[in-house]
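A.B. asks: Read off the chains here:
Protein chains: 2
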Amino acid sequence: MKKPVYLFHEGHLDDKALLGNKGANLCEMTRLGLPVPPGFVITTKACVEFFKRGSRFPENLQEEYLKALRYVETQTGQEFCNPARPLLLSVRSGASVSMPGMMDTVLNLGMNDAIVEGMIRQTHNSRFVYDTYRRFIQMFAEVVLGKDRHAYERILSDYKQTHRYESDLELDAQDLKSIVEKFKNVAEVPSDPHTQLRMAIEAVFSSWYTLRAVRYREYNDIPNDLGTAVNVQAMVFGNFGRSSGTGVAFTRNPATGEHVFYGEYLEQAEGEDVVSGVRTPKSLDQLSEQMPEMYTQLYEIQQKLERHYHDMQDLEFTIQEGKLYILQTRTGKRTAKAAVRIAIEMVREGLITEKDALLRVDAEQMNYFLHPMIDPEAPQTVIAQGLPASPGVAQGKVVFSADEAEDLAAQGEKVVLVRHETTPEDIHGMKAAQGILTKLGGMTSHAAVVARGMGKCCVAGCDELIIDYDQERVRTRQHVIKKMDLITVDGSSGKVMLGKVATIEAHADQDFQTLLHWADRYRHLHIRANAETPEDAQKACDLGAEGIGLCRTEHMFFAAERIDTMRSMILSETQKERQMYLGRLFEFQKADMQDLFKVMTGHPVTIRLLDPPLHEFLPQNKTDIQALANRLGRGYDKVKQRIEALFEVNPMLGFRGCRIALVYPEITRMQTKAVITAALEAQEEGAQVYPEIMVPLVATARELRFIRQEIETTANRVFEEYKASVAYRIGTMMEVPRACLRADTLAPLAEFMSFGTNDLTQMTFGFSRDDVGKFLPAYLEHETLKNDPFVILDQRGVGELIRLAIGKSRPINPNMEYGICGEHGGNARSIRFCHHVGFHYVSCSPYRVPVARIAAAQASIETMKKQLHPKG
Amino acid sequence: MKKPVYLFHEGHLDDKALLGNKGANLCEMTRLGLPVPPGFVITTKACVEFFKRGSRFPENLQEEYLKALRYVETQTGQEFCNPARPLLLSVRSGASVSMPGMMDTVLNLGMNDAIVEGMIRQTHNSRFVYDTYRRFIQMFAEVVLGKDRHAYERILSDYKQTHRYESDLELDAQDLKSIVEKFKNVAEVPSDPHTQLRMAIEAVFSSWYTLRAVRYREYNDIPNDLGTAVNVQAMVFGNFGRSSGTGVAFTRNPATGEHVFYGEYLEQAEGEDVVSGVRTPKSLDQLSEQMPEMYTQLYEIQQKLERHYHDMQDLEFTIQEGKLYILQTRTGKRTAKAAVRIAIEMVREGLITEKDALLRVDAEQMNYFLHPMIDPEAPQTVIAQGLPASPGVAQGKVVFSADEAEDLAAQGEKVVLVRHETTPEDIHGMKAAQGILTKLGGMTSHAAVVARGMGKCCVAGCDELIIDYDQERVRTRQHVIKKMDLITVDGSSGKVMLGKVATIEAHADQDFQTLLHWADRYRHLHIRANAETPEDAQKACDLGAEGIGLCRTEHMFFAAERIDTMRSMILSETQKERQMYLGRLFEFQKADMQDLFKVMTGHPVTIRLLDPPLHEFLPQNKTDIQALANRLGRGYDKVKQRIEALFEVNPMLGFRGCRIALVYPEITRMQTKAVITAALEAQEEGAQVYPEIMVPLVATARELRFIRQEIETTANRVFEEYKASVAYRIGTMMEVPRACLRADTLAPLAEFMSFGTNDLTQMTFGFSRDDVGKFLPAYLEHETLKNDPFVILDQRGVGELIRLAIGKSRPINPNMEYGICGEHGGNARSIRFCHHVGFHYVSCSPYRVPVARIAAAQASIETMKKQLHPKG
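Read top to bottom, the protein sequences are chains A and B.
Residue 550 in the numbering used here sits at position 550 of the first sequence, and the numbers go up by one each step.
Residue 1554 in the numbering used here sits at position 682 of the second sequence, and the numbers go up by one each step.
Do not rely on the hints blindly, as some may be mistaken.
As the list claims (entries may be wrong) - For lysine-lysine, the following PhoX-like pairs were computed, each having C-alpha atoms within a straight-line distance of at most 25 angstroms: (1) B/K1494 <-> A/K622; (2) A/K640 <-> B/K1355; (3) B/K1372 <-> B/K1354; (4) B/K1372 <-> A/K638; (5) A/K808 <-> B/K1494; (6) A/K355 <-> A/K323; (7) A/K640 <-> B/K1680; (8) B/K1512 <-> A/K483.
Stated by the list, open to error - Distance ranges between label pairs, derived from CB positions: (9) A/R705 <-> B/D976: 21 to 31 angstroms; (10) B/E1593 <-> A/R212: 24 to 34 angstroms; (11) B/P1683 <-> A/D509: 49 to 59 angstroms; (12) B/P1683 <-> A/L13: 54 to 64 angstroms; (13) A/D468 <-> B/D1340: 43 to 53 angstroms; (14) A/R705 <-> B/H884: 32 to 42 angstroms; (15) B/D1340 <-> A/H836: 22 to 32 angstroms; (16) B/P1683 <-> A/H836: 44 to 54 angstroms.
Honestly, the hints are just simulated from the structure, not real lab data.
Keep in mind the model is a prediction, meaning the values are calculated, not measured.
Yeah, the Cβ is synthetic: ideal placement off N, Cα and C, and Gly gets one too.
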């Protein structure tokens, strides 16, 4: 085949597909003139060819790599197989995508007994040579021959026990020589260096198809026919003597983002020793004192690399006998804070563009600027692990009821509300608590959704809790927490901890604001928020929301003075009675909507009609039922019977959403009248109002047509009464699979379609989000599902329905506006999908608005880049 | 326009689209030489043109119909507008499809004061003439001018009250003349007969767009641009004198199907009088005595008509002064029994083919041959109305618990089990009861499905019942039924009746068998049954099933001696403990499966893995929980806690189906081992076994892949152990929308796909079938839904998912076998869909098998006919 092997100076960074990431970087550094130990790359194409030939080398491969090897010998002045001046090699795999599960590295390849003796003669350091030999034998046997590492570890530990050594450092050359002999008995490592090299290359190739690698590729949609490259490189030794050493460095501080050269260095050591943490490394400042010329060289190299790669680099270096080698460079990992700071400073330094800066950050990390974090240094006792349902940290005394939470909070106590699950009846307690911890429910359970809406920390689905409401205590695997015990709950990690753990305060700094500002320049998606109260709406606007995409009107009826009216309305026995209570609810709703319109002046506000099943509003315990019966002047049994009659086996699929509007159109009329009246009055007072009325849970065109008529008739009646009008729009939630399948029939009846991906996911998968905790953990653990589909939108299943819906409706109503108001509207990966599928806006919790702004900008920029470079 | 008017002798039966049904039949009879009063048809095209011209007549229409009118005058010897020998007309609408809500008929058109006088002179019967005039004025005013009928009725009743008349017959000519004068004051009926005719034609045209007609067309997908024809015909009078009369006749007995001429006749009367039932009509035998020549003519005509139309005819005739006229012929309505008998006898008489015979019957009517019916003549007190969930009639004493049902049945009592809803725990009581009556749940609720499976009568969703278990009584709107009161429940109509109502026994007669036998010759769909027990399987085979399409293995674990083991298995605390209980369940399952394989020898048996949520198996009441705790040797609280931990908010979308298999693969292994072992042993004993293992509730390919591996590994292990093997297949239920959307990824992992349309409908609509009773009645009443989607498959929504699934999977696995095992598999209209969409089989309750055989044959025959006559 054509050129199966590239010497480092022959390759380019752009050849990643052919040379793999590692190989391409080594080539690039070589071409930049950096001191990279010489070597060559066997291409991914050679690997593919290897499999095509039934696991045999392509015809000219051996010839070609031997030719390259000879060139390496020339460059190093050493010779493979020659004991007098032996060349040792490292052999490493390197695909074009990061690929766990594949063979990693064989170091020191090329050793045998004769070479060992030559090396001792050359280095006069038999301990070093035997130690290297021992490591080689074990590494080759494990990695190439597939031997179990325990056999080697046992020999070593037995030897140390017999000789009463505590540490490896106590082993002298003779000890190591004996160990080498024992190691040789475990598996036969071929003594011919060429055989070693051939076998190592074959092993790297073959590791492309290990089970783990195959599963990883399947899981991440990486084609099987990419193959891996093999990097063969001359060994250098950081443990050769006093003027040798090895280290890792970052071109900027990966924790803070500060523009300083940052790293660690270990004298007389190999890379392994830095990573293993056996010895405490020195700072680069110390290197600059001890070997100033080395430091200067390194400093210049890192500057060069960063300028060349336009990103913060993480590099590995080795100094052998006063000579500096760069072994690897790659993009450095960094904290959220550092990522933002580096991106912004690099723009200011002219290294990258604003667009690049936006692509550099992880949109999800924006959260860290808004919520406090557990101090990673602080000691902590984790007592349980749940789902990270709403970020932030809550610290307070455990209480088990919403009422108690409210009472204690009123007394100035900080409390954490612990419940099996929460219901709308717990809202006051959730408001009063620092955070919420539930045993049941997933990322979109009531507790999680409400907590995120409040910007309050929540850990949900903490299945291992055994909560005993009667005894007022909760048991975990190893602890029992009583009421009023102090705990810390971390909504970003899902951890529940004993006592009060130290935290780091959040602050949305200037860098954060700058980046968001840039994002707004590039994004096409509008960002709205899900909010009901003027406070939440204001918060959303402060964080950059451009409207309300989901105002859940039912939330307005749970306040103490309102729920009674709501309950009376539901249990009304005549239309007349119901009308009276609706009249009262109208006043509440109108006032609320008016406040909201004023806060949101100039922005659209999407108001969803009553959605939850009616029984969610009704009391379940005896005392409350009795109180309700008294208020209604009816018997306890009668009221109880009415409540029980509303019971549902599967409330999620029951009498809710627009189904309520079809059976009780008077509720729709009241809500419409409240929205339109409030809009007119707010307009009168100078607000610019853009009300949008949204019909939930639509499954058929007839439902929407019926409700649309009710809304229009009611609105016209208000307009006549007020001798004024206001532009408003009517739209539908798309949250029932059938609505997507029949979107063509809904298209003429709606001005906008807002995908309610929470419910759409529930129905498309047949997963109840309240119950998914029973099997979702197993699904995620066994990788039956890649992600919780309630967190990251299932683009192939649910997304297919969304694509179908848009494809069917857009031709019929080209002015249709599409949006999303499920929880996915605040998830970066899902927002990308929303952009590509052609949505006009996403709507999310107020605290997710910054994430959404960044993610939307990233999606736009990616699209622009793809249009510029179609092949990229 | 070209020929807007057809004289009756100019039209053909084939011109239905142009002439409407009624017009085409009148033309056909005229062309056959039958004595039809002369007339003409104004075409549907003229109607369409009328609307195109903004509700104005096409240019030549009036000219053409006047020409036709002159021809009618020539034929009758009478003259329109001529008082000396006046021609009166009937004007009737007639679209090519039956269309309620449109203008019906104006009779006696052409009268005015002058004509009246002429008619009196001619007939010497002024009472008859004024009565006719009065009727004309009212009819024209109502139908053409849109006046309210009450105005006329009030005048008539006031007049009778003033004159103390009891009946219309007491009105004499003078009375009627006075009434005519009063009628004239209500609305001005034009006196010019030509104006009357023009207005009547316009009114018929315009009625095409009445709200009710438009809604009807929208609802039934009838295009708006068909238009209606107008039939104008000379009046004949059955009330002219003693040798006049009118009647209706059927060419065969519509109740029994017997081949005898059958009908009723009223002397000196108009058609109205026969229909209104004021006077008791005579039989045709009496006509043959009184006017033998008329009878002979009529007899010959009906024979001619039946031979011509190849179907039983329902005809209207009038005799005017000893002359017979045929006014209408149409296909006669008939009972199920008659339909089958007529179809079969007509084939034997050579009138129609077997295919025609199969298309003539209503597949749903096959049910009547299998279940007893309420005697329509018997007196009955209906006390409540529910859903007709499972056909048949049950009569027995009311009991409120399954245990009691069992106890009383054991004592020889016949009981009806009345429950809010049923659960798998009630099965023994359902078996013991004559029938089941539930307050909750729809056509596919547990009670309905199980009852249909048992062939037992059930009325479900009888929402108006107020059941009080404590007091052991049930209240309806007007009655209170106590325990042990006798009731009758009609599962075919949904009616609940007081006491014991007389019934008619069912018998699957020879005609029924013959028709089914013919059906098997033409159908392409295979018919399987849903069955678990050998008894049900045998019943299904007797009724013609060709396999089992759904064996719900969980049903095998509810028997008293097994449920304990099942419960212990579920609550096992260690894998070892669970294995022990699974070992016991294995024995039960194996034995059951072996019996089933033997009964079904030669046929496939599809076994579905455990499907329901585990909590369905666990006890809910204190006593049972305590008993279970004792058996397990654990504390009550601990067991209760475990049971509560399995509680689910939406069990339908919870931890069930293949999700159980993913978390507890040992259950799948046990079930597979039982199926395969049973198959091997049954094979050993000579049975031909075709086991198929079906995985329920699959949403992702990974689920199916995992379970497929478990099944294959287990099966191979059994094969090794037995040193024998058996061919088996693995398939998946398609009941989660996502499975349909991702069918391409499931295709390589399944040999068959069986659409579980119950759950698929639940998830596609977001309707819980257990809760749908709260809003579905309102939906059906307001026509928001045409049909209960759990009874008749929603072809546009759910069907779209099915089409998508087949479209995506077939190209990848062309050998895939498709079937349906939801309740829709037994519904005739849905079976038609199954045929057209390309299914290989449908599976339904054993008692629905005959329906399915006929429906499948009908679908095939329709397809063949379409292929022969592509335009038809």
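A.B. asks: Taking the hints in turn, state whether each one holds.
C.D. replies: Hints versus structure:
no.: 1; hint: B/K1494 <-> A/K622; result: holds, 20 angstroms
no.: 2; hint: A/K640 <-> B/K1355; result: holds, 23 angstroms
no.: 3; hint: B/K1372 <-> B/K1354; result: holds, 15 angstroms
no.: 4; hint: B/K1372 <-> A/K638; result: violated, 32 angstroms
no.: 5; hint: A/K808 <-> B/K1494; result: violated, 54 angstroms
no.: 6; hint: A/K355 <-> A/K323; result: violated, 39 angstroms
no.: 7; hint: A/K640 <-> B/K1680; result: violated, 50 angstroms
no.: 8; hint: B/K1512 <-> A/K483; result: holds, 23 angstroms
no.: 9; hint: A/R705 <-> B/D976: 21 to 31 angstroms; result: holds, 29 angstroms
no.: 10; hint: B/E1593 <-> A/R212: 24 to 34 angstroms; result: holds, 32 angstroms
no.: 11; hint: B/P1683 <-> A/D509: 49 to 59 angstroms; result: holds, 55 angstroms
no.: 12; hint: B/P1683 <-> A/L13: 54 to 64 angstroms; result: violated, 41 angstroms
no.: 13; hint: A/D468 <-> B/D1340: 43 to 53 angstroms; result: violated, 34 angstroms
no.: 14; hint: A/R705 <-> B/H884: 32 to 42 angstroms; result: holds, 41 angstroms
no.: 15; hint: B/D1340 <-> A/H836: 22 to 32 angstroms; result: violated, 58 angstroms
no.: 16; hint: B/P1683 <-> A/H836: 44 to 54 angstroms; result: violated, 26 angstroms
When the structure is compared with the earlier hints, violations turn up for hints 4, 5, 6, 7, 12, 13, 15, 16 and for no others.
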